[in-house]
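**Q** Each chain, written out:
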Amino acid sequence: MHISEGILTTPVWLAGYAGTAVLAAVTMRKLDMEEVPKISVITAVFFIASLIKVPLGPASIHLILNGLVGVVLGWRAFAAIMLGIILQAIIFGHGGITVIGINSLMLGGGALIAYMVWQQRHRFSFKKRELVFGALAGAAGTISSGLVLAGALITTGEEFYAIAATVLAAHVPIMLIEAAVVGSSAAFLYKTKPDILAGRRQTVKEG
Amino acid sequence: MALDIDRYHSVDSVVNRWDPRTKIAALGILIFSIALVKTLPMALVGFAVAVLLIRLTALPWHFIFHGLSFVLIFLVPFFFIMPLSYPGESAFEILGLGFAWEGLRLATLIFIKAISIVLVTYAIFGSSRFDISMLALQHLRCPKVVVQMLLFTYRYTFVFLDEMRRMHTSMQARGFIARANMKTMTILGHFVGTLLIRSFERTDRVFKAMLSKGYQGELHSMVEFHSHGIDYAKAVVVVVFSLALVVGDFSGQWPQAVQGWY
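One line per chain: the protein sequences are A and U, in this order. For the first sequence, our numbering begins at 1 and goes up steadily by one. For the second sequence, our numbering begins at 1001 and goes up steadily by one.
Bound conformation, chain A alone:
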């Protein structure tokens, strides 16, 4: 899911760069040396996981997994996704150089929202909590990215309204698949290696 080169008007993609610069600066504050390899790993996994195809009727779609990046990295997710987008632009010409800003804002912003949703799990306590909130985070990540994408197309011009509507509609099945995959992934990680997940609460039991 990318905005391609050449579509957006100059003010829109410049605004994308500005927004990305601000979010990157805020979310990468006080970056520890030890976090650098961790962020790179998740970026690489995010990058190659987008090559996984999921069958959907006669067609197949690619996983996006920006929600999962949010669930694993927390606020640092934005940096990871921005790096992934830069690499994709350089290596595949996927997206493109001028749209690095708006694409990072779209997918990275979605990851941050996914993390916010994921954190709400602390308010509840039930058996399949990680599965449910992982799924919600996956859905939130996808749908907020879809909304940013549609918004960018709409602000570009009236002639893009039809495309924006098509794009939003296409996001509904993607959202369901992402929810299922991210939910099951989050539950799996919680069971097997919980310290990889972001936003845990440290509870020290007395005695």
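Treat each hint with caution, since some may be false.
[Said to hold, decoys possible] Where chain U lies over chain A, by a calculated footprint (3+ residues, C-beta under 8 angstroms): (1) 4-16; (2) 22-35; (3) 61-74; (4) 108-118; (5) 144-152; (6) 170-184; (7) 188-195.
[Said to hold, decoys possible] Straight line, CA to CA, 25 angstroms or less: simulated BS3-like cross-link-like pairs of lysine-lysine: (8) A/K128 to A/K191; (9) U/K1208 to A/K193; (10) A/K191 to A/K38; (11) A/K38 to A/K193; (12) U/K1208 to A/K38; (13) A/K193 to A/K128; (14) U/K1213 to A/K38; (15) U/K1183 to A/K38; (16) U/K1183 to A/K128; (17) A/K193 to A/K127; (18) U/K1183 to A/K191; (19) A/K30 to U/K1208; (20) U/K1183 to A/K193; (21) U/K1208 to U/K1144; (22) U/K1144 to A/K30; (23) A/K53 to U/K1183; (24) A/K127 to A/K191; (25) A/K127 to U/K1183; (26) U/K1144 to U/K1213.
Just so you know, these hints were derived from the structure itself, not from any lab. Built from N, CA and C at the ideal position, the CB exists for glycine as well.
Model the placement of chain U on the given structure of chain A, informed by the hints.
**A** For chain U alone, coordinates are given in the frame of chain A:
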């Protein structure tokens, strides 16, 4: 999947011999000037230059076409959607939808600009080793930490891709077939989770090895950059051309694409 963009960096050409720092700076300006173009004739001039540039790099065509095929998938639908959904007067009707020439013109403009920019990107990053390009970026004031993460990620991508292929093979050996059902989604979720854990533990070991060899948050390189007169001359030619492209576009000689709030 062509992940190694720098596969042909050792080919000898005018672009490959260019100092990576001045190359990235000058061709970066060219990319942004192509992105600013709003008229078809100027976009075509930009396209011609992009093709000339990619010819100069001596990258084989099959390599370039393979890269372009990803972009084409995204762009071809525009030729169908834009003319039919363009607001305003339509020339004739197809299946009850108005066909507007203006929409087709906009789709063509988008198409030409996108292809040109991807070609220039290939000329930049296809003509020198990836790590050298990244170091050059660092010399151009790109934050150190970003450059390092890009280098790590690039390296890990190949390692994890192999890991993913191995895992996929073992899944198939046990009879896994991807279907559009909940079970497949659950298995894929576990697959991604396992991939994450394995990758994570592996890089943890790598990181410890790096620490024990004295890593302190900085990568040292033996690469030295030298810019000579010829490097600057190439940069000047490209920058002057980029400016000419933008000026020609604003001169009002040709009708501009009407887009939103211009």
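**Q** Going through the earlier hints one by one, which of them does the structure break, listed in rising order?
**A** The structure breaks hints 4, 5 and 15; every other hint is satisfied.
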